[in-house]
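These are the residues of each chain, in order.
There are 2 protein chains.
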Amino acid sequence: MSSILDVAKVAKVSKSTVSRVLSGNNYGVSEETKIKVEKAAEEMGYVKNYLASSLRTNQTKTILLIIPDVSNNFWAEVARGAQDYFDKMGYSLILANSDGDNNKQLKYLKMAQRNKVDGILINTNDTLLDEIQNTGLPFVLIGNANSTSRFPRVSSDSYEGIKRALEYLYDNGHRKIAMVSPSNKDSALSKVSNRVNSYSDFLESHKMEFKEEYFFCCQPNLKDGEELAVKISKMQNPPTAIIAANDLFAAGFINEAVRRKIRIPEDISVIGVDDIPLASMINPKLTTLEKPKHLLGKVAAETIISVIKGEEVIQNNKLPVNLIIRESSKSI
Amino acid sequence: MSSILDVAKVAKVSKSTVSRVLSGNNYGVSEETKIKVEKAAEEMGYVKNYLASSLRTNQTKTILLIIPDVSNNFWAEVARGAQDYFDKMGYSLILANSDGDNNKQLKYLKMAQRNKVDGILINTNDTLLDEIQNTGLPFVLIGNANSTSRFPRVSSDSYEGIKRALEYLYDNGHRKIAMVSPSNKDSALSKVSNRVNSYSDFLESHKMEFKEEYFFCCQPNLKDGEELAVKISKMQNPPTAIIAANDLFAAGFINEAVRRKIRIPEDISVIGVDDIPLASMINPKLTTLEKPKHLLGKVAAETIISVIKGEEVIQNNKLPVNLIIRESSKSI
DNA sequence: CTGAAAGCGCTAACAC
DNA sequence: GTGTTAGCGCTTTCAG
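As given, the protein sequences belong to chains X and W, one line each in that order.
Residue 896, in our numbering, is where the first sequence stops; the numbers in between run on with no holes.
Residue 896, in our numbering, is where the second sequence stops; the numbers in between run on with no holes.
To be clear, the hints were calculated from the coordinates, so they are not data collected in a lab.
Identical chains blur together in the list; that is why a pair holds if it fits in one copy or across any two.
Heads up, simulated DSSO-like pairs for lysine-lysine below, C-alpha to C-alpha not over 30 Å straight-line:
#1 Lys674 / Lys573
#2 Lys674 / Lys625
#3 Lys600 / Lys625
#4 Lys603 / Lys668
#5 Lys849 / Lys798
#6 Lys882 / Lys894
#7 Lys612 / Lys625
#8 Lys787 / Lys894
#9 Lys579 / Lys680
#10 Lys671 / Lys625
Please read these numbers as outputs of a predicted model, since none were measured by experiment.
All chains should be modelled from the sequences, with the hints used to inform the complete structure.
Given below as structure tokens:
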């Protein structure tokens with residue numbers, strides 16, 4: 565492996581000059597020597613050792629991304645969006661899966677300091693904010709728009725999204741609209757959830773009553789979707805529309821509902837959230853609130869680079885979500 | 565940021581002693597001083613700078629993973645499997661998406677050298693093998709079991725898997741079994757594809773004839789699956805079973821077949837390949853050959869670490885695939 | 001415009 | 001068992 569010194573010898577200059585040329589920092593290097601150096605480096609197939617460079621400059625051009633799980637399509641898309649942008653900017657992306665576990669997140673944060681990454685992109689709950697700050701590293705939070713806005717954060721605008729979905733249902737004649745909140749009842753009702761806020765604000769502004777029986781707290785997975793279908797199939801006065809926890813949940817709901825002879829969308833319109841690939845593959849194709857997954861990753865990536873550069877960034881950047889109307893919903 | 569020297573001062577020892585203790589390399593350090601050093605480091609919240617360490621030791625404890633696309637569930641699972649293992653071993657995982665594009669792969673290979681990763685995990689076609697070797701870095705290939713076996717490689721055993729699926733269909737009375745190959749006809753028939761080899765070997769050993777009309781070459785996606793359903797719906801003598809290009813393809817096939825009043829599995833049994841989450845969510849639930857995605861990543865990770873250590877590794881490690889029987893297939 | 005020299009924080013001979 | 005010293009390969013003053 566040839567070093568800067570080898571290049572210097574071949575080009576018959578000092579290694580500082582080589583460094584000046586090769587780091588792009590060639591203020592005050594004559595065009596002539598510049599070419600001489602570049603040619604020498606090219607000829608001998610020199611590749612710069614970023615490790616040594618980083619040790620000096622204290623920047624690694626590497627970002628740590630901490631997400632719950634890449635094998636969840638949502639996070640995979642976010643990762644992809646981020647990596648695409650980083651790649652363009654000459655950055656590398658270290659991937660870390662936390663499963664939402666605080667201990668794992670702490671472990672990765674520690675690693676970040678040792679490995680000297682330039683910044684951290686993380687999806688986390690509010691309990692770890694202090695520790696994140698204590699790393700002393702630049703960071704950007706991803707997701708959880710409802711949380712504190714003291715820090716740079718990019719997430720999707722669920723408040724507006726849910727409102728959009730409710731408007732669509734309302735305009736199509738629905739008045740008995742059930743809402744599923746992917747959180748526990750306490751935090752949901754304590755005004756911490758954008759989704760619930762959006763729901764209750766909408767009801768209020770449309771002179772509708774908040775009914776406990778149309779409000780559900782469930783885990784955003786297939787199983788809970790199926791369970792809700794069971795529950796609803798037994799209701800005397802079931803809703804005519806439902807906004808699911810997410811697409812997976814909606815898929816489970818539809819499967820079980822159909823098994824119980826509830827027709828979708830004739831009996832109940834269902835709207836998912838996320839727009840995962842599955843959404844357009846099930847039958848009926850799912851109407852859903854599309855979250856800008858890839859964009860979320862890209863904007864988060866842009867933001868962390870801005871933070872690193874010391875630029876001013878938006879503290880709580882909410883990306884618009886989009887209602888995709890497919891086959892699982894209809895007017896009444 | 566405190567350094568090893570600060571710790572040395574506090575503990576009143578030399579920095580080499582500190583290094584000896586903190587790098588775990590404490591041969592010939594008295595228990596007493598060891599404790600003294602550890603306490604000092606702990607107190608001042610010292611965190612080791614791996615950059616400096618790496619520059620000296622020439623190892624970064626970082627592996628580069630080059631896959632086509634994380635937002636494809638198959639690769640996401642592989643990435644997750646690898647990262648889980650690396651994490652346990654104290655390694656970091658740099659993620660790179662190539663979209664199968666040679667130029668992108670080359671770019672990442674170049675990066676690997678500069679960033680001094682300890683090794684490379686890559687899914688690639690055979691055209692880039694020389695360039696990969698030329699990096700001088702340890703590497704392990706992922707996937708494409710049918711390709712050259714001159715290098716360490718881990719992939720799933722499609723030959724055996726397809727055989728298993730065929731046996732299942734045969735034992736259940738099927739004699740008109742169609743095969744879809746996710747490659748073009750030339751390479752498929754030129755004995756390069758494990759899948760096709762497995763198919764023709766099976767036919768031969770069961771005294772069945774290879775019929776052109778039951779052999780299809782398609783892209784492994786939803787659209788091509790739908791198209792094949794159209795084609796098959798028009799056949800005079802359609803197959804009673806079909807092994808799809810993959811699960812996505814199978815989903816497309818089923819959707820379109822049902823639309824054309826072909827009953828699955830009553831009229832045609834269909835078997836997918838991959839076992840993506842979708843497989844168990846569509847109706848009917850898909851019988852499929854499950855590839856050991858997570859395991860693939862894990863074993864690849866294990867293997868690269870072995871290669872780095874200079875240990876002997878299996879050159880062409882084929883992981884067993886598993887037939888999951890669900891609802892899309894039945895006996896005749 | 002270019003070179004000499006110091007040093008980033010760590011490890012690894014080599015002494016004692 | 002512990003300290004001294006010389007770098008790893010680069011960037012960056014500081015001279016000239």
